[in-house]
Amino acid sequence: MATTVKKDLKYFMRSTEAEVVTAPGPDSFKDEDGNVINFEIKVLSSAEINKINDSYRKRSIATDKRGNPLTNGNEIVWKTERDNAKASRHIIVEALQYPNLKDPDLMKYYNCVDATEMPLLVFPKTDEYAHVTRIVMQALGLADAVSDDEELEAAKNS
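Going by this note's numbering, 155 is the number at position 155 of the sequence shown; the sequence numbering is gapless.
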């Protein structure tokens with residue numbers, strides 16, 4: 001005779017409050033004591049990330065050189081265009097809590113009206129932008145963590 005084991009669903013009832021993690025910013029951002037400034041990164045949900053990515057995806061009917069719709073077996077062929085770079089910048093803006101790239105004063109300082117351009121303005125050096133992108137994507141689980149040894153080895157081999 002089989003015994004029935006009650007499966008408790010409480011293990012799947014997680015807090016809905018967003019987690020915020022701390023990570024060191026680029027070496028070029030230091031406080032008055034010379035310490036690297038720590039960034040605060042909100043861990044976005046998969047739904048939030050997907051919503052951002054979907055907002056930079058555009059579907060349209062594929063056409064030939066004359067502008068006629070393309071078909072395949074009497075079915076219309078769709079063309080999908082994505083702006084992955086802008087979607088990534090939008091994810092960075094939404095995830096970063098400190099510095100808050102949507103802050104009106106910061107945006108005014110950089111004379112910027114589109115928050116998705118802020119990562120490029122605040123972190124204009126290639127190494128700064130790469131660092132910020134890496135730490136945010138790692139915090140969100142979208143990239144694997146790279147140790148300092150691995151970074152050093154990769155730099156030597158490039």
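Check each hint, because a few of them may be wrong.
[Stated by the list, open to error] Lysine to aspartate or glutamate pairs mimicking EDC-like chemistry, simulated, CA-CA at most 20 Å apart:
{"hint": "1", "residue 1": "30", "residue 2": "19"}
{"hint": "2", "residue 1": "86", "residue 2": "54"}
{"hint": "3", "residue 1": "58", "residue 2": "81"}
{"hint": "4", "residue 1": "58", "residue 2": "83"}
{"hint": "5", "residue 1": "125", "residue 2": "19"}
{"hint": "6", "residue 1": "51", "residue 2": "114"}
{"hint": "7", "residue 1": "79", "residue 2": "54"}
{"hint": "8", "residue 1": "108", "residue 2": "127"}
{"hint": "9", "residue 1": "102", "residue 2": "117"}
{"hint": "10", "residue 1": "86", "residue 2": "75"}
{"hint": "11", "residue 1": "51", "residue 2": "19"}
{"hint": "12", "residue 1": "30", "residue 2": "127"}
{"hint": "13", "residue 1": "51", "residue 2": "94"}
Hint data in this document are derived by calculation from the structure and do not stem from the laboratory.
Status of each hint after checking the structure:
Distance check on the hinted pair: residue 30 and residue 19 sit about 25 Å apart at the alpha-carbon level, beyond 20 Å; violated. With a C-alpha separation of about 12 Å, the suggested pairing of residue 86 with residue 54 holds against the 20 Å cut-off. Restraint check for residue 58 and residue 81: the C-alpha separation of about 5 Å stays at or below 20 Å, so the hint holds. Between residue 58 and residue 83 the CA atoms are separated by roughly 9 Å; this keeps the pair inside 20 Å, and the hint holds.
For the hint pairing residue 125 with residue 19, the CA-to-CA distance comes to about 29 Å; that exceeds 20 Å, so the pair is violated. A distance of roughly 18 Å separates the Cα atoms of residue 51 and residue 114; the hinted pair therefore holds under the 20 Å criterion. A C-alpha spacing of about 15 Å is found between residue 79 and residue 54, which places the hinted pair at or below 20 Å, so the restraint holds. For a cut-off of 20 Å, the pair hint linking residue 108 to residue 127 is broken: about 24 Å separates their Cα positions.
Taking the CA atoms of residue 102 and residue 117, the gap is about 10 Å. The hint holds against a cut of 20 Å. Taken as a hint, the residue 86 and residue 75 pair is broken in the structure, with Cα atoms around 31 Å apart against an allowance of 20 Å. Pair hint residue 51 plus residue 19 holds up; C-alpha atoms about 19 Å apart against a cutoff of 20 Å. For the given pair, residue 30 sits about 15 Å from residue 127 by alpha-carbon distance, which is consistent with the 20 Å threshold.
Only pairs whose Cα atoms come within 20 Å are accepted, and residue 51 paired with residue 94 is accepted, the gap being roughly 12 Å.
Hints 1, 5, 8 and 10 from the list above are not met by this structure, while the remaining hints are.
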